[in-house]
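Asks: Sequence:
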Amino acid sequence: MVVGKRMSKTILTNDNLLKAYFDCRKNKRKTINALKFEMNLENNLHALLQKLQNRTYVPGRSICFVVIKPKPREIFAAEFCDRVIHHLLINQVQKIWENKIFIDDSYACRPNKGNHYGVERLQQYAKSFTYYGAFDIANFFGSIDKNVTYKSFEKVILTINRPDWWRDEILWIAKTIIFHNPANNYYYKGELNSTRIRTLSLSSLIVSHE
Numbered sequence: 007m008v009v010g011k012r013m014s015k016t017i018l019t020n021d022n023l024l025k026a027y028f029d030c031r032k033n034k035r036k037t038i039n040a041l042k043f044e045m046n047l048e049n050n051l052h053a054l055l056q057k058l059q060n061r062t063y064v065p066g067r068s069i070c071f072v073v074i075k076p077k078p079r080e081i082f083a084a085e086f087c088d089r090v091i092h093h094l095l096i097n098q099v100q101k102i103w104e105n106k107i108f109i110d111d112s113y114a115c116r117p118n119k120g121n122h123y124g125v126e127r128l129q130q131y132a133k134s135f136t137y138y139g140a141f142d143i144a145n146f147f148g149s150i151d152k153n154v155t156y157k158s159f160e161k162v163i164l165t166i167n168r169p170d171w172w173r174d175e176i177l178w179i180a181k182t183i184i185f186h187n188p189a190n191n192y193y194y195k196g197e198l199n200s201t202r203i204r205t206l207s208l209s210s211l212i213v214s215h216e
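For the sequence shown, counting from 1, position 135 maps to 141 in my numbering; every step adds exactly one.
Please keep in mind that the hints were generated in silico from the structure rather than gathered at the bench.
Every residue, glycine too, gets a C-beta built ideally from N, C-alpha and C.
Treat each hint with caution, since some may be false.
Unchecked claim - No farther apart than 25 Å at their CA atoms in a straight line, the calculated lysine-lysine pairs in the BS3-like style are these:
| no. | residue 1 | residue 2 |
| --- | --- | --- |
| 1 | 32 | 42 |
| 2 | 119 | 57 |
| 3 | 101 | 25 |
| 4 | 152 | 101 |
| 5 | 152 | 15 |
| 6 | 181 | 152 |
| 7 | 25 | 36 |
| 8 | 152 | 32 |
| 9 | 15 | 161 |
| 10 | 119 | 77 |
| 11 | 34 | 119 |
| 12 | 25 | 57 |
| 13 | 133 | 34 |
| 14 | 15 | 181 |
| 15 | 57 | 181 |
What the hints assert, rightly or not - Computed spacing ranges between beta-carbons, pair by pair:
| no. | residue 1 | residue 2 | range |
| --- | --- | --- | --- |
| 16 | 42 | 161 | 33 to 39 Å |
| 17 | 168 | 32 | 24 to 30 Å |
| 18 | 32 | 67 | 32 to 38 Å |
| 19 | 57 | 100 | 19 to 25 Å |
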């Protein structure tokens, strides 16, 4: 499949976008938005790639809904094409974060981690420690300013040993996603990037005692 002209020295390529698409549709291929996108897949990917390369890409409107368990939360679900871009971004930075940023005892939205792994680790610690602390940040996703979120992300990206063009594209995509709703100054839960970038924001506060 050819969806656009391949460029040198860029993450905005056919291969990267196609991989992001396949990652995005995983376990969601039968949803209405995924089916609509796939019906005209080649043209949709081509148009998306052109917008990214020309830096005219603007995220669409998210759908807001409320979940009540385990507690009431607002969720903002991005359009399918925007979620493809989220995967494009995460695919570029995930391994770097895993190897250089996150400690072992950070579990949110990480490969081979999650609730079950966290419970297993907690059980191990419970057998070796006689005290613990349980903490929560009230309204976490709805209380941290977008500027703070972006600055945390930017700080990490600028320290990564990558070419300037790579950092420039990563930061442009991240900034476009984070600030896409000027009426809302907070980065709510619901997008692939929101939880992972929020985890990055907290990484400097997470301490592992050896």
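Asks: Now look at each hint and say whether the structure bears it out.
Replies: Hints, one by one, checked against the model:
In summary, the hint linking residue 32 to residue 42 is supported, as the alpha carbons are separated by about 15 Å, within the 25 Å threshold. Proposed proximity of residue 119 and residue 57 is contradicted: the alpha carbons are some 34 Å apart, above 25 Å. For the hint linking residue 101 to residue 25, the alpha-carbon distance of about 15 Å falls within 25 Å, and the restraint holds. Between residue 152 and residue 101, the direct Cα distance comes to roughly 24 Å. Compliance with the 25 Å bound is thereby established for this hinted pair.
This hinted pair does not check out: residue 152 and residue 15 have alpha carbons roughly 29 Å apart, beyond 25 Å. Of the pairs offered as hints, the one joining residue 181 and residue 152 holds, with about 9 Å between alpha carbons and a cut-off of 25 Å not exceeded. Distance hint between residue 25 and residue 36 is fulfilled; the C-alpha atoms sit about 18 Å from each other, no more than 25 Å. A threshold of 25 Å between alpha carbons decides the hint, and for residue 152 with residue 32 the separation of about 29 Å lies outside it, so the pair is violated.
The suggested pairing of residue 15 with residue 161 holds, with an alpha-carbon distance near 22 Å, which does not exceed 25 Å. A hinted pair counts as satisfied when its Cα atoms are at most 25 Å apart, and residue 119 with residue 77 qualifies at roughly 23 Å. A threshold of 25 Å between alpha carbons decides the hint, and for residue 34 with residue 119 the separation of about 21 Å falls inside it, so the pair holds. Restraint check for residue 25 and residue 57: satisfied, since their Cα atoms lie roughly 17 Å apart, inside the 25 Å limit.
Between the alpha carbons of residue 133 and residue 34 the distance comes to roughly 40 Å, so the proposed pair goes past 25 Å and is violated. The suggested pairing of residue 15 with residue 181 holds, with an alpha-carbon distance near 20 Å, which does not exceed 25 Å. Taken as a hint, the residue 57 and residue 181 pair is honoured in the structure, with Cα atoms around 15 Å apart against an allowance of 25 Å. Separated by about 38 Å at the C-beta atoms, residue 42 and residue 161 satisfy the suggested range of 33 to 39 Å.
Restraint check, residue 168 to residue 32: a C-beta distance of roughly 26 Å satisfies the suggested window 24 to 30 Å. With their beta carbons about 24 Å apart, residue 32 and residue 67 fall outside the hinted range of 32 to 38 Å. Here the CB-CB span from residue 57 to residue 100 is close to 23 Å, well matched to the stated 19 to 25 Å.
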